[in-house]
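S.K.: Sequence:
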Amino acid sequence: MRVLERWWVWRVRAACEIALARAGGDALVVDARTEASWYADMMHPWNGSGCEPDARVYAWLSILVARWALAEHAGTGPMYLDR
Numbered sequence: 000m001r002v003l004e005r006w007w008v009w010r011v012r013a014a015c016e017i018a019l020a021r022a023g024g025d026a027l028v029v030d031a032r033t034e035a036s037w038y039a040d041m042m043h044p045w046n047g048s049g050c051e052p053d054a055r056v057y058a059w060l061s062i063l064v065a066r067w068a069l070a071e072h073a074g075t076g077p078m079y080l081d082r
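What the sequence shown shows, in numbering that gives the first Met the number 0, is residues 0 to 82, in sequence order.
It is possible that part of the hints are untrue.
[To be verified] So the derived label-pair ranges between C-beta atoms look like this:
{"#": "1", "residue 1": "Arg10", "residue 2": "Ala54", "range": "12 to 22 Å"}
{"#": "2", "residue 1": "Ala73", "residue 2": "Cys50", "range": "33 to 43 Å"}
{"#": "3", "residue 1": "Ser61", "residue 2": "Gly24", "range": "20 to 30 Å"}
{"#": "4", "residue 1": "Ser36", "residue 2": "Glu71", "range": "17 to 27 Å"}
{"#": "5", "residue 1": "Gly49", "residue 2": "His72", "range": "32 to 42 Å"}
{"#": "6", "residue 1": "Ser36", "residue 2": "Leu69", "range": "11 to 21 Å"}
{"#": "7", "residue 1": "Pro52", "residue 2": "Ala73", "range": "31 to 41 Å"}
{"#": "8", "residue 1": "Ala73", "residue 2": "Asn46", "range": "34 to 44 Å"}
{"#": "9", "residue 1": "Ala20", "residue 2": "Ser48", "range": "23 to 33 Å"}
{"#": "10", "residue 1": "Cys50", "residue 2": "Ala14", "range": "19 to 29 Å"}
{"#": "11", "residue 1": "Gly49", "residue 2": "Ala73", "range": "32 to 42 Å"}
{"#": "12", "residue 1": "Arg12", "residue 2": "Ala73", "range": "16 to 26 Å"}
{"#": "13", "residue 1": "Met41", "residue 2": "Arg12", "range": "16 to 26 Å"}
FYI, nobody ran anything at the bench for these hints, they're computed from the structure. Cβ coordinates follow ideal geometry from the N, Cα and C atoms, glycine included.
Construct all of the structure, not just a fragment, from the sequences and the given hints.
M.R.: Written out as structure tokens, the structure reads:
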């Protein structure tokens with residue numbers, strides 16, 4: 000049952016990665032994934048058993064969203080993530 004509850008995570012992750020690819024290509028997607036993995040591992044270690052903890056999922060997604068926001072607004076003046 001928990002897998003179905005996480006369906007939204009896969010959809011949000013896919014949407015973020017598509018937006019990243021449009022903003023900066025495959026290289027940006029790979030770089031954002033690497034940073035997100037590093038950040039999630041550092042802030043919310045997980046041994047891989049059971050479902051991934053919510054805090055870890057949110058940390059991972061937060062990096063993807065932040066990288067997308069920065070890429071979309073690159074070169075257009077000040078960028079604030081709370082916009």
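S.K.: Which earlier hints turn out false for this structure, listed by number in ascending order?
M.R.: Of the numbered hints, all hold.
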